[in-house]
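Peer 1: Just so you know, the protein sequences line up as chains A and B, in that order.
Each residue of the first sequence is one higher than the last, beginning at 1 in our numbering.
Each residue of the second sequence is one higher than the last, beginning at 330 in our numbering.
Just so you know, these hints were derived from the structure itself, not from any lab.
As the structure is a prediction and not an experimental result, all values here were calculated from the model.
Among the clues, some could well be false.
[As the list claims (entries may be wrong)] Computed Cβ-Cβ distance ranges for the label pairs, DEER-style: (1) 222/A x 527/B: 46 to 56 Å; (2) 498/B x 191/A: 47 to 57 Å; (3) 423/B x 308/A: 24 to 34 Å; (4) 474/B x 103/A: 45 to 55 Å; (5) 533/B x 149/A: 32 to 42 Å.
[Said to hold, decoys possible] Keeping only pairs whose Cα atoms sit at most 25 Å apart, straight-line, the calculated DSS-like set for lysine-lysine is: (6) 184/A x 57/A; (7) 94/A x 149/A; (8) 391/B x 155/A; (9) 123/A x 406/B.
Where is the CB? At the ideal position from N, CA and C, for every residue including glycine.
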Amino acid sequence: MEKRMTSVTLKHSIRTSAILAIALVALTSFGCAQFEQRDKRFYYRALWNFALRENLKELDIEFNGVDFGHSNLYEHLLLTRGKDVPAIEETARKETLRFIATRPTLNPNEEAIAPTYMKLAWKAQNTFDEAHALHRATYDIYVSDLHDKDAALRKVLVFYRDSAYAITSKHLDHRRLDQLPYSKTFRQKYPLFNATIWAYHYLQVVVYDALAAAKDLPAKQKAVEPILATYHRYLEQPPVQWTFMPMTGELSPQFARDYPEIANIFDNLHMMHDTISDILATDLLPTWEEKRKEIYRITQSYYWASADASNPFVIHGDDDRVPHQHPAQ
Amino acid sequence: MATTIVSHINTQRSEDTPVKVSVFMLAVLCLLVEANNAGALDHDNLDPNRPIAIEDAYVIPKGEIGVEGGLTFNDRKEGKSRFGFQPQIIYGAFDNTQIEIMSGLVTEPSTVDGDDKSGDLSVAALYNFNTETVRVPAFAARVEVGFPTGVGSKGIDTELTGVMTRSFGRWRTHLNAGYTFLGSPQQNERSGTYRMVAAVSYPLGYPMSFTDTIIVNAFTRQSDLKGQTNPTGVGVGLRHQVSSRVVFDAGVGTEFLGPPDRSIFFSTIGLSLGF
Numbered sequence: 001m002e003k004r005m006t007s008v009t010l011k012h013s014i015r016t017s018a019i020l021a022i023a024l025v026a027l028t029s030f031g032c033a034q035f036e037q038r039d040k041r042f043y044y045r046a047l048w049n050f051a052l053r054e055n056l057k058e059l060d061i062e063f064n065g066v067d068f069g070h071s072n073l074y075e076h077l078l079l080t081r082g083k084d085v086p087a088i089e090e091t092a093r094k095e096t097l098r099f100i101a102t103r104p105t106l107n108p109n110e111e112a113i114a115p116t117y118m119k120l121a122w123k124a125q126n127t128f129d130e131a132h133a134l135h136r137a138t139y140d141i142y143v144s145d146l147h148d149k150d151a152a153l154r155k156v157l158v159f160y161r162d163s164a165y166a167i168t169s170k171h172l173d174h175r176r177l178d179q180l181p182y183s184k185t186f187r188q189k190y191p192l193f194n195a196t197i198w199a200y201h202y203l204q205v206v207v208y209d210a211l212a213a214a215k216d217l218p219a220k221q222k223a224v225e226p227i228l229a230t231y232h233r234y235l236e237q238p239p240v241q242w243t244f245m246p247m248t249g250e251l252s253p254q255f256a257r258d259y260p261e262i263a264n265i266f267d268n269l270h271m272m273h274d275t276i277s278d279i280l281a282t283d284l285l286p287t288w289e290e291k292r293k294e295i296y297r298i299t300q301s302y303y304w305a306s307a308d309a310s311n312p313f314v315i316h317g318d319d320d321r322v323p324h325q326h327p328a329q
Numbered sequence: 330m331a332t333t334i335v336s337h338i339n340t341q342r343s344e345d346t347p348v349k350v351s352v353f354m355l356a357v358l359c360l361l362v363e364a365n366n367a368g369a370l371d372h373d374n375l376d377p378n379r380p381i382a383i384e385d386a387y388v389i390p391k392g393e394i395g396v397e398g399g400l401t402f403n404d405r406k407e408g409k410s411r412f413g414f415q416p417q418i419i420y421g422a423f424d425n426t427q428i429e430i431m432s433g434l435v436t437e438p439s440t441v442d443g444d445d446k447s448g449d450l451s452v453a454a455l456y457n458f459n460t461e462t463v464r465v466p467a468f469a470a471r472v473e474v475g476f477p478t479g480v481g482s483k484g485i486d487t488e489l490t491g492v493m494t495r496s497f498g499r500w501r502t503h504l505n506a507g508y509t510f511l512g513s514p515q516q517n518e519r520s521g522t523y524r525m526v527a528a529v530s531y532p533l534g535y536p537m538s539f540t541d542t543i544i545v546n547a548f549t550r551q552s553d554l555k556g557q558t559n560p561t562g563v564g565v566g567l568r569h570q571v572s573s574r575v576v577f578d579a580g581v582g583t584e585f586l587g588p589p590d591r592s593i594f595f596s597t598i599g600l601s602l603g604f
């Protein structure tokens with residue numbers, strides 16, 4: 001009797017599953033072009049996770065503030081269609097500064113900050129999320145009491161590169177990437193916010209050599225004090241005189257020499273941020289759909305590691321590295 | 330078998346032992362909180378009963394492990410008030426897929442009706458089909474199998490749930506529709522029951538703070554016993570990010586329609602630990 005009931009239950013289950021599946025396909029078929037998988041991946045689990053948060057809170061708080069900045073900018077650019085200068089330079093930028101001033105002890109949920117942008121270009125956002133996780137992992141390793149930091153850094157790099165969303169670790173020609181039809185739109189329209197974004201990127205890359213040179217935790221805490229002072233000066237008076245984003249090789253040359261692939265990933269990540277800001281700010285791509293298509297095109301063709309073989313912006317060989325016109329510190 | 334409906338838990342009864350176990354488990358969770366004051370579980374990612382009955386369409390990231398637990402209290406219109414404990418382990422096992430193992434312990438376990446007997450062990454899989462885009466909501470499907478390991482439990486129960494999440498600005502709306510097949514219904518129990526939950530969640534504090542999400546739901550489900558009306562009610566809950574790894578939750582609600590032993594008040598407090 002019980003067996004028969006189980007058999008009946010199983011038949012019901014299969015039938016209902018089939019109905020649910022058909023309903024799902026019918027519901028979503030009209031939007032197949034935008035049917036994207038989420039593909040969230042957890043960070044590399046290790047003993048050093050959150051070492052920065054535990055050991056060097058002052059710096060961690062600043063990075064939590066930085067997380068807010070990009071998402072808040074993208075949401076405002078999208079909702080104002082890149083046409084409202086005060087909404088970006090005043091409202092959005094000052095919102096960001098106010099958030100940074102709250103000294104957040106946890107990184108904010110970026111989907112709550114930029115819900116529209118996340119729906120428009122999730123693949124690009126997931127690309128950022130994975131690269132930001134690599135950033136966090138490297139800080140944690142530098143601040144941890146690990147003896148073999150080199151091995152740890154190489155492990156997180158291997159883990160990162162295993163992702164389909166990994167940014168290329170090749171040296172890209174940023175000068176050429178900055179010559180797309182819409183390039184420089186954002187910095188020309190919104191110089192204050194652009195310089196604020198570059199100030200974040202300054203902070204994100206300048207700390208590596210300073211942390212590596214300091215022998216113990218008190219020394220590391222001491223080493224970041226002047227960096228944070230400079231960063232806050234940049235927030236108050238955005239360095240609008242800069243002509244290009246800060247580069248890892250200029251601000252942490254030792255780190256860039258020791259880990260050129262990671263340095264390239266970070267520089268390419270920051271360049272991708274600039275490119276997407278330009279796409280969102282340009283009038284050349286007036287509709288959200290056009291912006292989305294271009295964001296995905298440049299992400300998949302120029303920034304993802306999976307495009308290395310065909311990427312026209314990959315520079316082969318270190319001799320091609322030309323310093324950007326950027327006043328370091 | 331654990332479900333997405335709090336009121337399922339509310340139809341269970343018990344003795345002292347589960348309460349002692351609950352207190353012990355909560356103490357263990359508190360110790361874990363102390364040990365991990367750094368912290369990656371997302372307060373915006375909704376799981377059933379944490380703290381109220383709703384599942385959102387997103388799963389935890391691939392590779393993440395979540396340990397969740399909550400204490401429940403039910404004041405019923407007829408019958409004794411009940412306490413319960415709901416432990417759960419979640420694992421982001423595959424791309425866009427999480428596996429869940431869960432149980433539920435309640436006081437007066439021998440008088441429970443329906444699929445959710447006290448001590449039943451359940452295994453579930455939630456698969457997220459897509460992320461939400463400008464045009465398309467996020468969809469997920471959940472399959473849960475409940476094994477008869479609990480008090481007075483017989484037969485293997487199967488539950489199928491469809492999940493949809495659609496956001497409007499920072500407001501996120503969620504819809505869960507499911508059906509449970511009882512493997513071996515007893516006495517006057519139905520062989521299957523449907524349920525519907527709708528909910529809205531909102532992150533509090535933008536643009537200055539990002540640690541809290543409020544959730545409000547409304548639910549109805551077919552009664553466990555034939556001839557009774559649907560337990561129907563509302564709930565409200567809060568999820569608070571304590572640290573990067575820990576989320577605290579609390580919720581309350583009421584069933585304003587339903588059988589005579591429905592919950593006129595229920596509450597939950599719980600913790601989720603992600604690592």
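Peer 1: CA of residue 184/A to CA of residue 57/A, is that 25 Å or under?
Peer 2: Not OK: residue 184/A and residue 57/A at ~35 Å, beyond 25 Å, violated.
Peer 1: Residue 474/B and residue 103/A, beta-carbon distance inside 45 to 55 Å?
Peer 2: About 47 Å separates the Cβ atoms of residue 474/B and residue 103/A, which means 45 to 55 Å holds.
Peer 1: Are residue 391/B and residue 155/A close enough, with their CA atoms no more than 25 Å apart?
Peer 2: 18 Å, holds
Peer 1: Has the hinted range 47 to 57 Å been met by the Cβ atoms of residue 498/B and residue 191/A?
Peer 2: 29 Å, violated
Peer 1: Would the pair residue 94/A and residue 149/A pass a check requiring their Cα atoms to be no farther apart than 25 Å?
Peer 2: Roughly 38 Å separates the two Cα atoms, so the pair is violated.
Peer 1: Can the suggested window of 24 to 34 Å be confirmed for the beta-carbon pair residue 423/B and residue 308/A?
Peer 2: 27 Å, holds
Peer 1: Is 46 to 56 Å a correct range for the gap between the Cβ atoms of residue 222/A and residue 527/B?
Peer 2: Cβ of residue 222/A to Cβ of residue 527/B: about 55 Å, so the range 46 to 56 Å holds.
Peer 1: Does the hinted range 32 to 42 Å hold for residue 533/B and residue 149/A at CB?
Peer 2: About 39 Å separates the Cβ atoms of residue 533/B and residue 149/A, which means 32 to 42 Å holds.
Peer 1: Are residue 123/A and residue 406/B close enough, with their CA atoms no more than 25 Å apart?
Peer 2: With a Cα-Cα distance of about 50 Å, the restraint between residue 123/A and residue 406/B is violated, given a limit of 25 Å.
The structure shown violates the earlier hints numbered 2, 6, 7, 9.
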